[in-house]
Amino acid sequence: MSVQEVQAYSLVHATVRALYSTMLTPETWDTLVQAQDFDSLLNILSKTVYGSYLQIERQELTPRRAVYQIRWHMADVYEKLIRLTPEPGRELLLQLWRLYEVDNLKATLRGVETGASWDQVRHLLYPMTKYITLTVADTEKIVRSGDMARAIELTRHTSYYNTLVHALERYRTERNLFPLEVALDLDYHRWLWQSINQLTGIDHEQTLRVVGTVLDVNNLLWAIRYRVYHHLSEQEIINYTLPFGYQVRDEDIRAIAAGANIAQVVGHIYPNVEFPPLVSGGGALSALELSLRRHVVKTCRAAFIGYPFHVGIPAAYLLLNEHEIRDLTVLIEAKASRLPAEAFVSMLATRSPAYQTDQR
Amino acid sequence: MFRPQAMSKVELVVPEHDVVPVTKALAASGVFHPTLSSHLGGERVPHYAEDWQERAATFAELERRIMAVMETLDVDEGPPPAETPHLIEPETAQMDIEHLEWETRAPVRELEEGQRKLAQLQRYLDQLKPIADLEVDLGTLRNLRYTFVLLGTMPVANLERLQTSLELIPSALVTLRREEHLATVVLFGTQRDADILNRAARSAYLNALEPPETYHDTPAEAIAALKSEIERTRQYLTECQTTVDYLHETYVQRLCHLLWQVRASRTLAETITRYGRLRYTYLVAGWVPVSQMDTLQQEIKHVSDKVLIEVDTPSRQEDGHIPVALGNPLIMRAFQGLVTTYGRPRYDELDPTPMIALTFPLIFGIMFGDVGHGLVLALLGLALVSRKVRALRGLSGMGAVVIMCGIAAMLFGFLYGSIFGFEGVLKPLWMLPLENIMDILLATVGIGVGLLSLGMVCNIVNATLTRRWGHLIFDHNGLAGLIFYWSLLGLAASAFVGDLPISPILLAVLAGASGLAVTFSKVLERLVEGQRPLIEGNLSAYLIQTPIELFEIIIAFLSNTLSYVRMGAFAVAHGSLCLVIFIMAEIISPAHGMGYWIVVVLGNLFVIGFEGLIVGIQTLRLEYYEFFSKFFSGGGMHYRPLTLVSRGGE
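Going down the list, the protein sequences come from chains P and Y. Anchor point for the first sequence: position 112 equals 112 in the numbering used here, and the numbering is continuous, going up by one each time. Anchor point for the second sequence: position 12 equals 12 in the numbering used here, and the numbering is continuous, going up by one each time.
Derived from the structure by calculation, the hints contain no laboratory data. Take the hints with a grain of salt, since some may be wrong.
Stated by the list, open to error - Output of the computed footprint for chain P on chain Y, the stretches with three or more beta carbons under 8 Å from beta carbons of chain P:
hint	segment
1	55-69
2	151-159
3	194-204
4	264-272
Said to hold, decoys possible - Pairwise CB distance ranges, derived in the manner of DEER restraints:
hint	chain 1	residue 1	chain 2	residue 2	range
5	Y	T243	P	T158	26 to 36 Å
6	Y	H181	P	S21	15 to 25 Å
7	Y	P79	P	G115	25 to 35 Å
8	Y	T466	P	D250	57 to 67 Å
9	Y	R177	P	D119	42 to 52 Å
10	P	D119	Y	R333	31 to 41 Å
11	Y	K129	P	D250	25 to 35 Å
12	P	D119	Y	P79	16 to 26 Å
13	Y	F2	P	Q59	30 to 40 Å
14	Y	E98	P	D119	20 to 30 Å
Said to hold, decoys possible - Take a look, some chain Y residues computed to stay more than 10 Å from chain P by CB distance:
hint	residue
15	V20
16	T35
17	L36
18	E89
19	K129
20	N207
21	H321
22	L426
23	V528
24	E536
25	E552
26	S633
27	G635
C-beta atoms are modelled at their ideal positions from N, C-alpha and C, and glycine is treated no differently.
Full structure from sequences and hints, please.
Okay, structure coming up:
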């Protein structure tokens, strides 16, 4: 145990512990799942850590707005932990935070493509105020630009510009957002991998386990989706995926691209993860995706066991928080659509059976 | 001052023909925070009624068009006008904007097309440069029968991946030039695999270079032709730019004025769409500070005497989304900014601004005590407040904080006897930190104990205001926590100081009792506040968890208290840094010549800039994480008075 590590991470660890204790308990999840309707759900949520974010006029609190409001919590915890975490771990958290900026940019470009108004787009975005290169004003300008080339020109001051301006050629030919979105995703994940590799010692080891697993899952799902849904060629799948990862090797991706049995490849990578039987047949990608998300959640929880003074702890908490908010989004949409519990409960990653045993 | 301003809920019933002047009056008052009241109506709106929603959408579209013209002419919208511009009818605005679009469209399009052409030509040129020496006819490359050739640019990051993807396909990827992001490459293969190669290249974002058919000679000849074409295009662009600059000068004022007119009209229409609607009247609801209520009523009556006004002032504890208006004196406004950066106080809780206005300069002064340095900071603060230095205008809001910190640093400078690092000129009224290190550290821990206790007292006051009696008594930052903290301090002190006014046994009993209360605070709070079940979840898990939490609380008390040692440490560090400056100055010029004074001045500037910044950050950290966390939760709703001339965006 190094004194510097303990010194640097003691405050971060204390803060993460405090934040971790505010995550929704299994009992709260049960109550949320059993909520009668959207209003009851909001009522229960108002007594949780998300309560203060939902304090706006009830008439304005549509399901979409409610999701937007609870995302403010994620913005707050990211900003707090980025501020507290020392370098070089801070750089990693900044990279994780950038993912939402990339998602916002993609949503904004979708808005440009479909000719959506700013009012239609604004609450689909992740609220971000600090540690960003694209401000709300920039995003609004992009949406209002009404033209893809002009929109991309408005990102000139950001690191996304070079990627987008090059991919614009393809957009012009294909009139499809796919090349722009894939280019942004690949670029983002390369930067993320780079920031993992800039870490050393236990920081690197733990981050690789936590963030590397997320990167693996994304890469794996891309490869499978490109093959099953988009019917891309072997070469295209390879070019649209990443050659690095924690447990997922390039050979695995290339095997999927070349047409190998998906269930076998995934089973080989994760021998201890239980996948739903449908996956063995090659279908039901959403079930596979859910299993992999649960694996990520489990890995993040496991990071809290053992030596605590490393950047893996804040990273794991932030990822858990993201999954909690994703699950809440599912719940909000389900309750707003008046779906029965059995229709959506299996779609929640943080409330998996493992949750009951692993919790804290 | 210690609490957000008391707010009144206002509901107005406005006759249809008065809705515009009344809305303008509400906006002009600058105190009316509107809330959605469209749900208050319910009657069918008559067909002849104006459709404000449609007007708002029309104005939004017009605004977008004006902004598009402004962007093409590179016109900045500038700050909002001091007075609300006259509202405009959509038809008039439409005519205006159509005229402006017509005037600017052709020159701007020519300029844009010219720029695109120039960029394209430049790209061809850049791509041809690496193969300038090749004696190959470009026309021949286009029409190869058996060989596949693809020349183009691609991201450097994708090079390796493309090579990997083509491992099993007979092909060769040659990099001709590599820049920071992009590489110019040639992909060779056979025509038989053209489809695979094209798909692979496309997926690696290899953008093919396809110079127009006109460039069919050798690369060197094509480059020469391109260069002359680029020159011609540049000349053409200069002419276009002159025209656009002229248009900019001609229309800049008209565009800005029109934009603000349309924006104000759009905001007005949007505001009215949020009103409730009856057959002949509108229902308007919102919040106004109680102190401004009379003035607002008079202003509304001045506009229309047919408006019915209903005012209700809810109690602080009343559940509801009441916007929070902080009413601090002018001198504290800058500190208010520091508070709202952390969080906006809730309507029912204490506003920590007065506390931070006192403690922030105090903590800063302790760490940065020097008469000279404080004076420089105070003068810098004055410069910020005066807004006379253009480059510093953006920081003018922080001017008052810098002034107060400067004054506090001066006061502590007198206490420490330090002026610009010289420690023999003034007689210290208290002590020299460098010579009394233990004393200053202990003193600052004492101040820290005081500040932490103040934080807990504030938490108790907050709990009283919100009538959370269980929280007040049992919370670890409540009464039990305060007694626990002080009895632990007493026990610690009794180990070092023999004669305390309270016996250690009594302190131990107090610590035990309050410790138990804090340990089981959650259950006790729920018991007192009548919430059930008393224990959420598993009892055995709870029993295992509580001692750990108690341990965490004790550790937190210790670390929070010791955190304030940094105040003393920085006071010592400040003295040490100044000492180092004088040692360096002595080495440079032992006879105290020009070199000596240059080092002293530069060193002092370094201390003010660098250490001042660090001390500022540390002060903020102590306020946010040690002090605020004891009592301040934030999450209050922002008070946003209606205005018709706000900038676009959030």
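To see whether the hints hold, each was checked on the structure:
1. 55-69: With 4 residues close enough to chain P, the hint holds.
2. 151-159: The restraint on the segment 151-159 of chain Y holds, since 5 of its residues have a Cβ under 8 Å from chain P and three suffice.
3. 194-204: holds (count 6)
4. 264-272: It is violated: at least three residues are needed, and the segment 264-272 of chain Y offers just 0 whose Cβ sits closer than 8 Å to chain P.
5. Y/T243 - P/T158: 26 to 36 Å: holds, 31 Å
6. Y/H181 - P/S21: 15 to 25 Å: Violated, at about 44 Å.
7. Y/P79 - P/G115: 25 to 35 Å: holds, 31 Å
8. Y/T466 - P/D250: 57 to 67 Å: Roughly 58 Å apart at Cβ, these two residues keep to the hinted range, so it holds.
9. Y/R177 - P/D119: 42 to 52 Å: Check passed, 46 Å falls within 42 to 52 Å.
10. P/D119 - Y/R333: 31 to 41 Å: 32 Å Cβ-Cβ, so the 31 to 41 Å window holds.
11. Y/K129 - P/D250: 25 to 35 Å: For Y/K129 and P/D250 the Cβ distance comes to about 34 Å; the hint holds.
12. P/D119 - Y/P79: 16 to 26 Å: Taking Cβ atoms as reference, P/D119 and Y/P79 lie about 24 Å apart, which means the hint holds.
13. Y/F2 - P/Q59: 30 to 40 Å: Given about 32 Å between the Cβ atoms, the range holds.
14. Y/E98 - P/D119: 20 to 30 Å: holds, 24 Å
15. V20: holds, 23 Å
16. T35: violated, 6 Å
17. L36: Check fails; 5 Å does not lie beyond 10 Å.
18. E89: Fine: 22 Å to the nearest Cβ keeps Y/E89 off the interface.
19. K129: Answer for Y/K129: holds, closest chain P Cβ roughly 18 Å.
20. N207: Incorrect as stated: the minimum Cβ-Cβ distance to chain P is 4 Å, not above 10 Å.
21. H321: For Y/H321, whose nearest Cβ neighbour in chain P is about 6 Å away, the distance does not exceed 10 Å, so it is violated.
22. L426: Answer for Y/L426: holds, closest chain P Cβ roughly 36 Å.
23. V528: holds, 18 Å
24. E536: For Y/E536, whose nearest Cβ neighbour in chain P is about 6 Å away, the distance does not exceed 10 Å, so it is violated.
25. E552: violated, 8 Å
26. S633: Y/S633 is in fact no farther than 10 Å from some Cβ atom of chain P, at 7 Å.
27. G635: violated, 3 Å
The structure does not agree with the numbered hints 4, 6, 16, 17, 20, 21, 24, 25, 26, 27 stated previously, though it agrees with the rest.
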